[in-house]
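Q: Each chain, written out:
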Amino acid sequence: MSVKTRDINKIFKKLKMVTEEGRDTLATLYYNGKPYIWTKVPHKKGDLKGKLPYFIRQQLEVDDDQFRNLIKCPLKLDGYIQILKEKNIIQE
Amino acid sequence: MDNFINNVAPTTSYPQTLIDKFRYPKLNEKTLEDTQIEESTWGKSVVDVDKIYEALDNLGISTMVNRISQLEEEVEALTKLVKEQSLGVKTIPLSNLRSEKLALSSPINITLDSTSEIVIANSYDLNIFGYGNNEIEAIRDFCNTLEDFYFLLDKDKDKLPKEQSVIYNFLNKIIKNVSKN
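For the record, the sequence lines run as chains Z and L.
For the first sequence, counting from 1, position 75 maps to 258 in the working numbering; every step adds exactly one.
For the second sequence, counting from 1, position 145 maps to 272 in the working numbering; every step adds exactly one.
Treat the hints with care, as some may be off.
Chain L is faced by these chain Z residues, among others (derived, beta-carbon under 7 Å) [what the hints assert, rightly or not]:
| # | residue |
| --- | --- |
| 1 | Pro-218 |
| 2 | Tyr-219 |
| 3 | Lys-228 |
| 4 | Gly-229 |
| 5 | Lys-232 |
| 6 | Lys-234 |
| 7 | Phe-238 |
These aren't lab readings, by the way, just hints derived from the structure by calculation.
Quick reminder that beta carbons are idealized off the backbone N, C-alpha and C, glycines included.
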């Protein structure tokens, strides 16, 4: 599956991640005011090269299917937070 | 004959059913059997696009077209796989952070994962990566990313969740913030 820069930017928007523009677009997911997830995506448009999608997926703490669902939209913020809770990344 | 000269279709004495049978475009859909009867009885009298497609189908042309399009997709997928295929992964110790703000007090291990398109420098301990067209660019980007990451954690150090807190404490053991001096 080819992943484009805009796919990742859409994920950032959908997950309401706080973004910051630098050399790349840096994105942080805050939940209850705490930063849990941190990743980045290049500014360059088009397909992400090589294993970049894999490393971004790794930082987002999701498996391949969940990553596809984040891109294709069925997985939304609530579902994503649930995944992070199930993985004990978010502890309440 | 006069009618042809005046561009008017001549009247005939043929029955209407026979005229309809040879009419083009067709009045209604013919079955394959009808067409075969027509052809065997009267010969092919009109250009029938459906029949041409049908004949191509019989020759297996449309199957070939489908197969070619499948093969194109497979070649595209394989090309992508080759491009993503790792040319090698190596682990190196990183000692120089190339930063005016941060310095490493002890080296950290990073992996360099190269494909024909890109090199990615990654730390599994910190879960961060940098990338570039070659190893040096990837390492430089990794150092920049590490700096960004450190200051992001530092900014929120009082409210870090457990996992990020562990990473922040680890970073503080191996990194000196030289910008404070």
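Q: Answer holds if the nearest beta-carbon of chain L is closer than 7 Å to that of Z/Tyr-219; otherwise answer violated.
A: OK, holds: Z/Tyr-219 within 7 Å of chain L, min 6 Å.
Q: So, Z/Lys-228 near chain L? Judge it on the closest CB pair being under 7 Å.
A: violated, 15 Å
Q: Does Z/Lys-234 pass the interface hint, meaning its C-beta sits closer than 7 Å to a C-beta of chain L?
A: holds, 6 Å
Q: Taking 7 Å as the limit, does the beta-carbon of Z/Lys-232 come near enough to a beta-carbon in chain L?
A: holds, 4 Å
Q: With chain L as the partner, please determine if Z/Gly-229 meets the hint condition of a C-beta pair closer than 7 Å.
A: violated, 12 Å
Q: Min Cβ distance, Z/Phe-238 to chain L: is it shorter than 7 Å?
A: holds, 5 Å
Q: Using 7 Å as the Cβ threshold, decide whether Z/Pro-218 counts as touching chain L.
A: holds, 5 Å
Of the hints listed earlier, those the structure fails to meet are numbers 3, 4, in rising order.
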